[in-house]
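Protein sequence lines, in the order shown, are assigned to chains S and B.
Numbering-wise, the first sequence is residues 399 to 501 according to this note's numbering.
Numbering-wise, the second sequence is residues 3 to 164 according to this note's numbering.
To be clear, the hints were calculated from the coordinates, so they are not data collected in a lab.
Any given hint might turn out to be false.
[As the list claims (entries may be wrong)] Computed cross-link-like contacts, DSS-like style, restricted to lysine-lysine with a CA-CA straight-line distance of at most 30 angstroms: (1) S/K500 <-> B/K89; (2) S/K500 <-> B/K164; (3) B/K111 <-> S/K500.
[What the hints assert, rightly or not] Pair by pair, the computed Cβ-Cβ distance ranges are: (4) S/L455 <-> B/T108: 22 to 28 angstroms; (5) S/M499 <-> B/G156: 16 to 22 angstroms; (6) S/L455 <-> B/N88: 17 to 23 angstroms; (7) B/A147 <-> S/I452: 54 to 60 angstroms; (8) B/A152 <-> S/I452: 20 to 26 angstroms; (9) B/Q115 <-> S/W501: 26 to 32 angstroms; (10) S/D492 <-> B/E136: 34 to 40 angstroms; (11) B/E163 <-> S/N497: 23 to 29 angstroms; (12) B/Q115 <-> S/A483: 48 to 54 angstroms; (13) S/T458 <-> B/L150: 17 to 23 angstroms.
Backbone N, C-alpha and C fix where the C-beta goes; we use that ideal spot for every residue, glycine too.
Residue strings, one per chain:
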Amino acid sequence: MAIGLEHYLILSAILFCIGLYGALTKHNAVIILMCIELMLNAVNITMVAFSSYIVPLLLTGQVFAIFVMVVAAAEVAVGLAIILAIYRGLTDIDASNINLMKW
Amino acid sequence: MGLVIAFWIIAVVAVISALGVVFLRNVFRAALSLILCFITVAGLYITLSADFLAAVQILVYVGAISVLIILAIMMTREVQQGSPANKMKVPAFLVAVILLGIMIYTVTKTSWQVASESPLTPTTAPLALKLFSESGFILPVEMAAVLLLAAILGAIVIAREK
């Protein structure tokens, strides 16, 4: 059985939904960030699979995946800086306890 | 045949390590499981003939982002290890399962027009032409540089000691 486009898309959907469940459920802010990175990787797999199966000579999906990696790296840097700043003030990174600005 | 075996091994390890990220209790072991997931995603890129992207994935995700995440875990040690009950577990699980069902249904019902050409290998020179040529993606490349500069400055300002 040859590997078709559907295999890659279903694998990417599974990874995305696992990351979605983790981002919605976990308490630790760093684990929420790790689950967001998981979702971004799943989307990257989808992009590259589409590019490789439907328009193999254009490579547009791989260019898009490179830019998604750039944005993910920038987001991780800023997100972890925010988490470190919160930890310095509160000594707690439980996402349910960071609620000072809640009405 | 080798590609089929490689894909199934990589896919199973990717799903298991993704489940490990979400369900492992120790935060550091979840980060190590995430590194394993990134490496399997790089393997998936190789099965898709995206060799440059696989190398960049290892360099950027495993080499830089994972190190940043482990640094943040080391600096934000939680004092108590118990995890209180989360009242979002059942709705989040339902949402994830329903979304997965919708996506799998859509993917299997659509008739994809798969091209008959095989992908370009190696991809470094065509990617360079596509990114840096005049009719390519040169403007997003320059904007990505500005974005990274802004992100670095922002992270330094937010995380420094007063």
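A quick look at each hint next to the structure:
Only pairs whose Cα atoms come within 30 angstroms are accepted, and S/K500 paired with B/K89 is accepted, the gap being roughly 18 angstroms. For the given pair, S/K500 sits about 25 angstroms from B/K164 by alpha-carbon distance, which is consistent with the 30 angstroms threshold. A C-alpha spacing of about 44 angstroms is found between B/K111 and S/K500, which places the hinted pair above 30 angstroms, so the restraint is violated. Checked against the hint of 22 to 28 angstroms, the C-beta distance between S/L455 and B/T108 comes to roughly 26 angstroms, which is consistent with it.
Restraint check, S/M499 to B/G156: a C-beta distance of roughly 19 angstroms satisfies the suggested window 16 to 22 angstroms. With their beta carbons about 47 angstroms apart, S/L455 and B/N88 fall outside the hinted range of 17 to 23 angstroms. At roughly 30 angstroms, the beta-carbon separation of B/A147 and S/I452 lies outside the given 54 to 60 angstroms, and the hint is violated. Against the hinted window of 20 to 26 angstroms, the Cβ-Cβ separation of B/A152 and S/I452 comes to about 34 angstroms, which falls outside the hint.
The hinted range of 26 to 32 angstroms is not satisfied by B/Q115 and S/W501, whose Cβ atoms lie roughly 51 angstroms apart. As the Cβ distance of S/D492 to B/E136 is approximately 51 angstroms, the hint placing it in 34 to 40 angstroms is violated. At roughly 25 angstroms, the beta-carbon separation of B/E163 and S/N497 lies within the given 23 to 29 angstroms, and the hint holds. In this structure the supplied range 48 to 54 angstroms holds for B/Q115 paired with S/A483, their Cβ-Cβ distance being about 49 angstroms.
Look at S/T458 against B/L150: about 22 angstroms separates their beta carbons, and that is inside 17 to 23 angstroms.
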